[in-house]
Structures are given as C-alpha cells and as structure tokens.
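Below, each chain spelled out in residue letters.
Number of protein chains: 4
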Amino acid sequence: MRYAYLGPQGTFTEAALRTIPGAAEAEHVPLSTVPAVLDALRSDKVDGAVVALENSVEGSVPTTLDELATGDQLQIVAEIHIPVSFALLVRPGTSFGDIKTVSSHPIAQPQCRRWLAEHVPDAEWRAATSNAEAAQHVADGHYDAALAGSFAAARYGLDVLAEDIHDVADAVTRFIELRRPCAPPPPTGMDRTTVVAFIGEDHPGALLEILNEFSMRGINLTLIQSRPTGAGLGSYLFWMDFEGHVQDARVGEALMGLRRVVADVRYLGSYARADQVRPEIRRGTHDTDFTEAAAWLTSIRSGHA
Amino acid sequence: MRYAYLGPQGTFTEAALRTIPGAAEAEHVPLSTVPAVLDALRSDKVDGAVVALENSVEGSVPTTLDELATGDQLQIVAEIHIPVSFALLVRPGTSFGDIKTVSSHPIAQPQCRRWLAEHVPDAEWRAATSNAEAAQHVADGHYDAALAGSFAAARYGLDVLAEDIHDVADAVTRFIELRRPCAPPPPTGMDRTTVVAFIGEDHPGALLEILNEFSMRGINLTLIQSRPTGAGLGSYLFWMDFEGHVQDARVGEALMGLRRVVADVRYLGSYARADQVRPEIRRGTHDTDFTEAAAWLTSIRSGHA
Amino acid sequence: MRYAYLGPQGTFTEAALRTIPGAAEAEHVPLSTVPAVLDALRSDKVDGAVVALENSVEGSVPTTLDELATGDQLQIVAEIHIPVSFALLVRPGTSFGDIKTVSSHPIAQPQCRRWLAEHVPDAEWRAATSNAEAAQHVADGHYDAALAGSFAAARYGLDVLAEDIHDVADAVTRFIELRRPCAPPPPTGMDRTTVVAFIGEDHPGALLEILNEFSMRGINLTLIQSRPTGAGLGSYLFWMDFEGHVQDARVGEALMGLRRVVADVRYLGSYARADQVRPEIRRGTHDTDFTEAAAWLTSIRSGHA
Amino acid sequence: MRYAYLGPQGTFTEAALRTIPGAAEAEHVPLSTVPAVLDALRSDKVDGAVVALENSVEGSVPTTLDELATGDQLQIVAEIHIPVSFALLVRPGTSFGDIKTVSSHPIAQPQCRRWLAEHVPDAEWRAATSNAEAAQHVADGHYDAALAGSFAAARYGLDVLAEDIHDVADAVTRFIELRRPCAPPPPTGMDRTTVVAFIGEDHPGALLEILNEFSMRGINLTLIQSRPTGAGLGSYLFWMDFEGHVQDARVGEALMGLRRVVADVRYLGSYARADQVRPEIRRGTHDTDFTEAAAWLTSIRSGHA
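Residue numbers (full-length UniProt numbering), protein chains in the order written: chain X, 1 to 305; chain U, 1 to 305; chain H, 1 to 305; chain V, 1 to 305.
This is chain X alone, in the form it adopts within the complex (with noise of 0.2 Å):
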C-alpha cells in the first residue's frame, strides 16, 4: 500500500496520514502540490492519498475543492479531525527578542495572529511553500523562525521556543483518505456524504432548489462552500458535505433529486464522521418509510391497492 500526500515529511498532513489504520506498514510519498498528490493517485502511482479540506479556522482549502472538483473522479473514504497547534521553531540559541522574521505557510499565519502580535510584534512574516519549507529556511538562516508542528523540530535540527499555538481554542483541520472511485464503505449509522453540484447557465434560484432537496428530507448540511467554476464572475459549483450515506434512502432520494435539478453534481463519497454525531433522522425519512412508500406506489399501479 503507497500513500501519497502533501508533503514534505513533518507537515501536518503527514502527521494526519499516520492516523490511518494500517499507515504505519504503508509507503509514505511526500509531494510538493495538492495536484502532484491528486495525479499520483488518478494515474495509479498511488493507492491512496491523504490532503487537507478544511480548517476551522481558515475555512476550507481551495485547491483541493477545485481539483477534487474537477479532473478524474476520485473518492473520499475517511475524514481525519487534527487539532490545530503549532509550534515555534528557531535555531539552537535564539531568543524572542531576535526573531526579525516568522515564516509559515499562507494558511498557519493568520491562525497564530494575535499569538504573534503579542509576542513577536515587530517580527515581519513571510510566505513559505509549507510549514516545513519555513522550517527549513530556518535551518537555512534565510528566516528566524517558523510556525510548524513541533514534530518537525527534530527533522531540521530546530529547538520548539513556543507550543501550542492557535489564537482560536478547540480548532481543528479535517483531512481526508481519497482512493480511486469504489464501492463506499459500509454505514456507521454516523456518516458524513460530499457532493459538488455545478449550476448551469444564468439559474438564480439554483441554490434554493439544492437545498430544498435537502431540506425536505430531514438531511442537515454541514459544509457548504461557493466556488467559481472559471467562466466568469457569477458562475459557482456548490461543494456540500451533509448528512448521512449515499446507502440510507433520504439520501439516495436527495441525491437523485439534485441530479435532475442541476447542470451537473459530482459524488465525492460517504464516510464515517471524525466527530460521530449522530444525525436526527426526521419523522418520514427512514428507510422503512421509503420502502413503503415504493410498495404503495407499486400497488397503486398495479391496481391491487
């Protein structure tokens, strides 16, 4: 088993990876883009891949909604929950009151804001590729120190001046295990579904009628996020992670629904939620109830009623 992710080792993601069952005999592959890992894993180089999609923080991840959106299908099938927390990382010797420059990647600067203004407040910051790239510009002399995991310290020969750092308590990134399309894994009961719905045209109302499909059978949203499709302000794909199993029957009903409503839905995959909240299922919507509600129709056509 070869697991590509977003590298390289002693990011986060990798630290995320190692939280799959079976990671630890598996080969780790670090690559140095989102698409680097995505293409690993379509051109079957790879057998799975881990990349980040959200962060409580900064919200979701732009890169990866658009190429999991887009290019050949793949499938989510776990969800990884990695509480958010750097470390300050400089060289051997250095102090607070040296540090002139901070370096992380674009996403981990404004979740340690405030964390910095407070203790570094004359430092400048400076984008890196990744928080290990900071770490190793570091190492390097070009920066006086990055925000990273604390277990990167020892890879670049780094001490830890700070920990746990977030300016927001209880933050969290959600990372997800992709394989090539394949049968979902079974329901827990506390399933998590991701769909993107592209909307066609000029179809103002688009996004009320998605909903309604959700609505109407109970099924609770739990991240929805507009993107542009690339033809022109005003033109959006919808990713949506909600409630629940492409198996339990709301769901299937949902998702037939919206694909006759829109121009185009892609399925992402169902899986088990990291935080295994287990949905309200609405009066209605079990699967008993569309089960009977088939046999019913079935006996109205026939005439056996």
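Calculated directly from the structure, the hints in this document are not laboratory data.
Result set (DSSO-like, lysine-lysine): computed pairs, CA atoms no more than 30 Å apart in a straight line: (1) V:Lys100 with X:Lys45; (2) X:Lys100 with V:Lys45; (3) U:Lys100 with H:Lys45; (4) H:Lys100 with U:Lys45.
Partial selection, computed: residues in chain X whose CB lies under 10 Å from chain U: (5) Pro184; (6) Asp289; (7) Glu292; (8) Leu297; (9) Ile300; (10) Ser302.
Backbone N, C-alpha and C fix where the C-beta goes; we use that ideal spot for every residue, glycine too.
Chain X is fixed; fit chains U, H and V onto it per the hints.
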C-alpha cells in the same frame, strides 16, 4: 354492465352518464343519494357509477368528496364536463307573472340567483332533494316553477318557460366515472390524478410540505379543497387534483413523498382530462430524467461511477 | 341595536346571536337567506349580523364564504362556537315506529346520518330550507319528524323524541358576528384574522407563495378553503383564517406580502378566538423584532450605523 | 484625500485604485497586508481604501472577507473590475530555457497553471507575499521569473518575456473601494448590495430561510460565500452580494427579514455595479407595490378600508 347514478331520471348526472362510451347498451340504476350510489358500487351491485364532483360556480360537491375520502376505496377512471345551463319548467299555461315559488336542488339556486332576481324577483325559492324532484313538485302543484335540465320537461309533463339559464358564462359541472380499485387507464399525456391527503395531529406546516412535493417536481394542482375530517375544528383532509398520471415518474415520486409526509394518503385514480390540456413538463422532470438519475445512483452506490 | 340573522326563529343561528353581550336588549331580525342577512347590514337596515361560517363536520358554509368574499365589504368582529347537537321533533303521540320521513336543512342530515340509520333506518330524508321550516312541516303534517334544536319544539308545538343527536362527538358550529367596515376590536393575544385571497390569471404556484408569506413569519393557518370565483374551473379564491391580529407586526407584514403577491386580497377582520388558544410566537417575529429591524434599516440607509 | 491599498507599488490593486475618479490627485499609501489597509482606514489615517474582494478564477479573497466581517464596520462605496492578465517578468537576457523558478503571490499561480505547464514545464513555483515582491526577488537574483502586472516591469528593472497570461478567458478581479460608515451613494438602478449574515447556534435550516427572504422578493444573489467564524467546524458566516440598493423597498424588506432571522447581520454597502447589469424586477416588488401595500395596511388597521 350496470351503472349507478344520482337520480332520479332526468338529472344532469344522467346526462353525464349518457356520454360514456358504451353507456347506451348499459343498464342505468338511479339512486337517491350519493352514498347510496357509492355503496351500490362498493357492494358489487353495479359495475360503475357516475356522480358530480365539482361545479365551476359552486365549487366541489362536499358529499362526494367526503364519501370518496372515507369508506372502502373506489377509483376514478374518467371525468366528464357538462355545461351548466338550466331551464325553467312550469305547468302548461303558467306565465312569469304567475310564479310565486321556484324550486330546485340547493346547488342550482346560487347558479341562477341573478337571473331569478331579474326575471322572477318576487318568487320565493324552495329546496328540493333534486332538480327532478323539484319538477315533480311542480307537476303536483306544490310549487310553480322548477330549475332543471330541459330534458326533464317531457318526463314530468311540464313546459320550458325559459332556457339556457345561468349567471356565469362557460360554467361547467365536472362528473366522475367510478370503478372498484383497478389498474388505471393508460396515460394519454393529458391526464389528471386525484388523491386525498390526511393531516394527522397538529401539523400546521403540513400543507406547505405537501405543496412543495408537487411544486419541486413541476406538477401543477388543478383543484385543492380542504374538508374537515370530523375530528374537531382544525383537523382537515385535502382533496387534490393535479396534472399527470400515476405512471409518470414525476407523479410517482411526488406521491411517494406525500405518502411519507402526511398521516395518510388515498389514491383515487389517474384519468384523461376532459379539457385535454397538455401540461408543460419542467426541465429535469421527464421520465428519462428520473431513469437517468436512478441509474447514476446505482452506479455510485456500487463504486462503478 | 338591530341584528339580522338567518331565521326563522328557533335556528341555531338565533341561539348563537343570543350569546352576544347586549343581545338581550337588541332587536333580532330573522331573514330567510344568508344574502338577505348580509344585504340588510350592507344597506344600513341593521347594525350587526350573525351567520354560520364553519361546521366541524360539514366544513365551511359555501354561501357565507362566497357572499362575504364579494359585494360591499363587511367585517368580522367576533366568533361564536355552538356545540352541534340536534333533537328529533315529532307531533305529540308519534313513536319511532311511526316515522316514515325526516326533514331538516341539508347541512343537518349528514351530521346525523349514522344516528338516523340506526334509529329510523326506514325513514326517508326530505330537504327543508331551514331546520325551523322542517319543524313547521312536521307541525303541518307533511313530514313525520324534524331534526332541529330542542329549543324549537315549544315554538312549533312539537315533542322532543330524542335529544343530543350527533354522529361525531365534540362537533361545533362556528358563527361570526359582522359589522360594516370598522376599526378591529383591540388585540387580546388570542386572536384570529380572516382574509380572502384571489388568484388572478394562471398562477399555479400562487398558493405556495401565499402559504410562504405566513410560514416564514411563524403564522399558523387555522382554516384554508378554496372556492371557485365563477370564472371557470381552475380559477379560485382562498378563504384563510390564521392566528394573530392585524395590529400584530408579523400579521401586518404577512398581509402586505400577500397584497403584493396575489391579484387581490380582502381583509375580513381580526377578532378574539372563541377557543382562547394562545399562539406560540416564533423567535424573530415579536413586535419588538420588527421594530428593531426597522430602526436598523433606517440607520444603515442614513449612514449612522 | 488619502487612499490606502495593498502594496507594494506595482500591484493590480494599485491599478484598480488608479481608475477611481479623482485618484490622480489623491495620495496613495501602499501597505503590506489587507488588515493593515483596513486598520489605516478604521483609525482615520486615510480617507479611503482599495482591496481585492473576488477573482473569477480563484474565488473570494478570504482575508478581505474575514477582515470586513469583523472589527469596526467599514462600507463599500464602489466596485472596480480589472481583467486578469499577467506578464512573465525576467532579468534582461533571460530566455524560457533559463527559467528554473517562477515566483508569485499564491493567488496568481493557479490562474496561470496551464500556461506555466506548457511554457516552462520544468520550472518550480515559489510563493511570494505579493507579485511585486516576486519581481523584487527576480531582480535580486533569488528567482528566475515572476508573474506580475506588466506595469511592474519598469519599476524593478525587468523585461517582459510574455504578456496576457491567463488560463481562463475573460477572468476578472473585483476590487472594492471602502470608506468609514456613511450614507450609501444614490441608487443607479444597476446596484449591488453586500451583507454578512452570522448563523448563531445550531440552526441548520438558516441558510434556506435566508435565501427565502431574497427569493420571495425576486432578488437574485450574485455571490454567496460561506466562511467559518472561528468557533469550530460547522459555525459559519455567509457573505452575500445581491442585486439592488438598500434604498429599494424590496431590498429594505429583505434586509429587515434577514435581521430578524439570523443571529446577526452586518451591512457592508450598496453601490453601482461595475458590469452595469440592470436587474429584472419581479411583479409585486416595485417600490410602488410596497408603498401601496403599506397604505392598504394602514387603512384596514384604522377601519377606513
């Protein structure tokens, strides 16, 4: 073939019955109340029945609605539209100035209210159990004039003093042909379907949910009528006629949705529209759209997307 | 003070009228039809009027609905609930075995159908213009028994052979007290408002839009009744009773929305509920929420946010 | 007049600022982050500010959205659309074959991904804090090429090796001009309004309710973007741009409805659309319809209907 209908002979219902293909060779059984007509069909004493359902001036016929909504299930297999047009029947020799009393079924009076106020302003109106009974009362000398179909004059030895009486132009009475539960007649593309939905307990938003099941599939209602269920003010059933046939995918889906949403639903039939209006079918709601969506769902559930 | 009501004396409507505060000192004017009652009020011949609006077994009274929906505007200022309970009135000496015919107003018959089938299974039913007229016919010897209020027995010299007759327990008739247009009685917190909405042209989604105006403001409907407008099958008005008073902000907003959505709307009054049910007011729909929102809008329009 | 903008000099934001009437005579203050630009305006150090809001390829700019949704309130008074078109800047003498590294702001890279893969397939991309900084890095010899506006070449002593670079035709970046809270510019009939709605507690149906407030008044959304509020996965704010001006009655009504439905709403301004699209105003939602409905409500409340 035996047909029961709301008699006596000489009513508009008999006129409607005569329009059914093959009615000329069938036996016609006049009965004195709508419940009697329906019970004859339910107990196998006749093979079919004809009753009035709706009148464009006076609205739905409450007894027909109530009797079909409850009791053993029956099925509408056809509808017949008959123009509303009364004659004023009198004993030979009677002139307008002689008329002190006019009798008719209560449903006829409001349809001729303005005409009566203009032509016989001083006459008092008297209720009769049917227009034909009103004619009989005139023949017996109890009343001076009857509102009835002109075809009833000969039967009761009366003269037609005025014809084509109606306050509203183009008014129509809608009759239905009933059978015991059976496979519906095949779709014509210009069909109507009738159901009765029962709202259980206190569910004030139920009507909005019901209408949504139709609206989201582009199905127009042609009649909605609330009726008390007899379980106290505020408890209702809804009689609904809508465009389409139970064999249409969009209708089948709406019916299954309705079945899950409401306390109970009774299917009363799909049949060709007498007015031959062809519905506009909204994008995404053709049979092929449903078939394609179902095939897609099967593919993603199995992993062969 | 003069009140018109649907007579003759001895009807349930008169019983309802007697419950109005001050009615004992007022003059009571029995008239023979609902239009006559309403016209007396419209033409200033009386100061108030009482008519039946709705019956929990038989539903709304079509004539009352139609006559109030059109013609010069009148206003409901109060409602009165009277339990449905008939007496079987006969000439002295008549026993059950003697009864060949039973007469009543057509609305009374279906409310006692099961009782009649059980107690006088062989009697035929005859329509009368009112229950009181039926009693007169019994006194005159035309019929053997009448269904009417027991209070009518003395007036017509009849005996009460059976009392408290009704097929459905707890059935109630709802009467309304009418005035010429006036300021509504002050809100009690347990109020009802009545409007009639006219759907113009072919606007199949109009009912959904109307219900939405109420639903989005948390206002429950307590009665919805469709009636043909007389302009052909498929053209309807909707009589709607709902929780709340025209002075309530949420009701005022819903009414303005309704006014903009439909072809026409007629306000028929706000008045205290006879059943004294206090509505649950949804979050965000109290008067103070509307006042606060309006103040905020003023501030952002002026730039003083 | 002093304007702050996201610098350094030579960015697309500066190009947008230069299009504002009167900008030529104003002082331009480049600052290094969006928060710094907004804080300069909030603290009265400048009179106006220009930042990027949305890009038709990459979507909304998260920092701009987050910084305007929180902190002291600011107001959008105009929008500016600038076509997306980059130049590849190199040191004099550099040819395509020499390019091993290309640097740019992270937002520029995905907009040129395909062009880069085709023209410099072997070059690695490096993040810079701005495109202008990337140009500086090229001038300093750290990197070989920068993606930036061609207007930046002269400032950094670089050559334009390629121009008009963009993967998607007709892509546009949308900039906004900000002021401290003020009366909005007068309606033009082709306006846009921006608000941010905060969904409190667990209210899964809130988005549907919000969209309904707009939909029922015929107001089309032109952008909807969800952003986490930082209070855990699942807690969101919605940035919404829609057709119309706060002075329009339908917009005012929708905003009041929104105010009552959600936990909080922030008004961010009404301003002329840069694309000069005139909205279709639905029947019943013109200013005169609202005025007429309000007058009618006043009349029925007072009894002078």
